[in-house]
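There are 2 protein chains.
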Amino acid sequence: MKNRQWLLAAHPQGPATHDTWRLAEGQVGEPGPGQILVKTHWLSLDPYMRGRINPGANYTAGVRLGQVMQGGGVGEVIASNHPGWKVGDIAEAMTLGWQEYAVLTPDLPGVARVNRVDPKLAEPQAYLSWLGMPGITAYIGMLEIGRPKPGDTVVVSAASGAVGQIVGQIAKMSGARAVAIASTDEKLDYCRSIGFDATINYRTTQDLRAAIAEACPRGVDVFFDNTGGPIHDAVMMNLATFARVVICGRIAVVDKPADEDIGLRSSARLIVTRSTVQGLVVFDWWHRREEAIGRLASWNRDGRLTFKEDVLHGFERVPEAFVRMMAGQNFGKQLVKLVEA
Amino acid sequence: MKNRQWLLAAHPQGPATHDTWRLAEGQVGEPGPGQILVKTHWLSLDPYMRGRINPGANYTAGVRLGQVMQGGGVGEVIASNHPGWKVGDIAEAMTLGWQEYAVLTPDLPGVARVNRVDPKLAEPQAYLSWLGMPGITAYIGMLEIGRPKPGDTVVVSAASGAVGQIVGQIAKMSGARAVAIASTDEKLDYCRSIGFDATINYRTTQDLRAAIAEACPRGVDVFFDNTGGPIHDAVMMNLATFARVVICGRIAVVDKPADEDIGLRSSARLIVTRSTVQGLVVFDWWHRREEAIGRLASWNRDGRLTFKEDVLHGFERVPEAFVRMMAGQNFGKQLVKLVEA
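Sequence lines, in order, name chains A and B.
Each residue of the first sequence is one higher than the one before, counting from 1 in the working numbering.
Each residue of the second sequence is one higher than the one before, counting from 1001 in the working numbering.
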């Protein structure tokens, strides 16, 4: 039994391309004591993965050349040497990697833990999107940093993306106004359909700062930033007093080195508005995963939380899925489905 | 009896100059019911005043052309129509203005209140420096936003300035290491003499980012930023995990419009380090003035808090004092003394 794998072929300078990885065939491993063998059904593509293929250090170790590309996914247990897991169980793991089969150690601590997928709660791939890392990111980012109050105005960049669409719905549940920024009218139509009150197409808007001022006449109380770059600058110039800014992602500038992210510092607005800006890495909050999943699932049952996926089919398309996600060509959470039902 | 006053003559484009104000002679007012007449002894020059002479709105209303320049000071009550104040009392007021005599209403709320100077606590001009607005700024900025812990590394820009020198001493009292950034070796010698552990001359240092990394081998836990600009960028690239950044001042870029403060956005460092950046306006915390003054005074009595002033003499030198303070040519808290003992 062969195990196809995508290995890191080069640390990209600038955007990743299909040549960033190469397809290889390895062996399927044997689960040792306390381990399981998982067949990958779904892989998740997320912007944080761009940071993992830099040669330098990020908040966690990156992928070395020749290693299997890191990435989370969902799969089926096809062999088990762990008393708590049996064949046929569905597992979600951040440590799955871009491969068709993985030997995993379920009881590792924290982010490395293998999580059980409850098929009664949702389709298994939900554990990669609104019940998984993006959902928990939106949940914690809003509840712990953004802290929207009734009547607040919440602006979300990449609003139809995996995190953004949940942020907008939590804003509405919190009694706040939600303003979406995205790249196409089709994405913005979707944002309106899930409750966003106002939308801004940043590609067709001449004066983004003025458009945000118009959409947010009393200023921006919560800015959930998934993009960085010029969108970030335009929102920062519209902060309300005592605003909260969640720095969650920076997909607009992530291909540049950190010391080349040049633009508006906004220090005048920060002082004038006494705003708080905070970086968010969801894995710091992984101990609250169960709480977040429980709440997200109940919101979904109540009909208050919906979610849009963008699925490509076939293991060979994983790099393509990553590249299009980084270019903003996906519409909804980017997934790859390996095994068709 | 004549009342010399400095009136705003022009909203400066770029740095303020002597021509930003013009000297005028007005009448000395009569205190109405509940008012006092104060003869100015000391005037305080502070960077926040630059924001007050912009034509646009800041966090509070600015000075209009032809109006007396705003600014705090200390003076002696020479006539009173208020039961709680008598001739000879010493008063401190943010509302004194650049004039030799002022009619004040002591019982206005908040920042507009006239404060009593306790001559037993300190020299009266201390109420403009370490017992006044700069002292309270350092106190609140460190206790509420910076929150230094024992073993933390605290970096302060404009470290020998009115706020910076107190920040450094509070860092040391908190068990933290304190690193000073300033413009001359003389200023940095002073910083060492009051307890700073390491110093960086930003004018003579080739690679500021590397110098900070060397002075802060485990990163910067608290960055108390009084300058903004390139110093800000260099420190931001050295933040430790879960750092706190106090955006207190931006004297390096304050002469530019807010949307021209261009430089490093630091979003990568903010995410990687999960840092918090917060703007500080001390007047939000004015209800804690008494607490801050009490604590600062006790630290001074204990010998744990010292302070350096830079005094010019004569009312005619007030604009000159402002211009040199904005250019960083002062050494210690900039004051003007109007009445010699």
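Since the hints were derived computationally from the structure, they do not count as laboratory data.
Keep in mind it's a predicted model, so treat the numbers as computed, not measured.
Note that CB positions come from ideal geometry on N, CA and C, so glycine has one too.
Check before you lean on any hint, since a few could be wrong.
If you want a taste of the chain A side facing chain B, the calculated C-beta under 7 Å gives, among others [to be verified]:
| no. | residue |
| --- | --- |
| 1 | Pro55 |
| 2 | Gly263 |
| 3 | Leu270 |
Anything over 10 Å on all C-beta distances counts as not near chain A; from chain B, calculated [unchecked claim]:
| no. | residue |
| --- | --- |
| 4 | Lys1002 |
| 5 | Pro1031 |
| 6 | Met1049 |
| 7 | Thr1204 |
| 8 | Ala1211 |
| 9 | Gly1228 |
| 10 | Ser1266 |
| 11 | Ser1275 |
| 12 | Gly1314 |
| 13 | Phe1315 |
Are proline 55(A) and chain B close enough, Cβ to Cβ, to be under 7 Å, as the hint says? Because about 14 Å separates proline 55(A) from the closest Cβ in chain B, which is outside the 7 Å limit, the hint is violated.
Does serine 1266(B) clear chain A by more than 10 Å, comparing its Cβ with all Cβ atoms of that chain? The claim is violated: serine 1266(B) sits with its nearest Cβ about 7 Å from chain A, within 10 Å.
Please verify that hint: leucine 270(A), Cβ, nearest Cβ of chain B, below 7 Å or not. At about 4 Å, which falls below the 7 Å cut-off, the nearest Cβ of chain B leaves the hint on leucine 270(A) intact, so it holds.
Over 10 Å to the closest beta carbon of chain A is the bar; see if threonine 1204(B) clears it. It holds; threonine 1204(B) is separated from chain A by about 22 Å at its closest Cβ, greater than 10 Å.
Nearest-CB test (10 Å) between chain A and glycine 1314(B): The claim holds: glycine 1314(B) sits with its nearest Cβ about 32 Å from chain A, beyond 10 Å.
Any Cβ of chain A at or closer than 10 Å to phenylalanine 1315(B), or is the non-interface label fine? Per Cβ check, phenylalanine 1315(B) is outside 10 Å of chain A; nearest 30 Å; holds.
Please check whether glycine 263(A) passes as an interface residue: C-beta within 7 Å of a C-beta belonging to chain B. Result: holds, 5 Å to nearest chain B Cβ.
Beyond 10 Å from every chain A Cβ - status for lysine 1002(B): 37 Å, holds
If we take the beta carbon of glycine 1228(B), is the closest beta carbon in chain A still more than 10 Å away? 5 Å, violated
Assertion that proline 1031(B) lies farther than 10 Å from chain A (Cβ): 34 Å, holds
Non-interface claim for serine 1275(B) versus chain A (Cβ beyond 10 Å): 5 Å, violated
The output says alanine 1211(B) does not contact chain A. Does that hold with a beta carbon cutoff of 10 Å? Answer for alanine 1211(B): holds, closest chain A Cβ roughly 15 Å.
Violated hints for the displayed structure, listed by number in ascending order: 1, 9, 10, 11.
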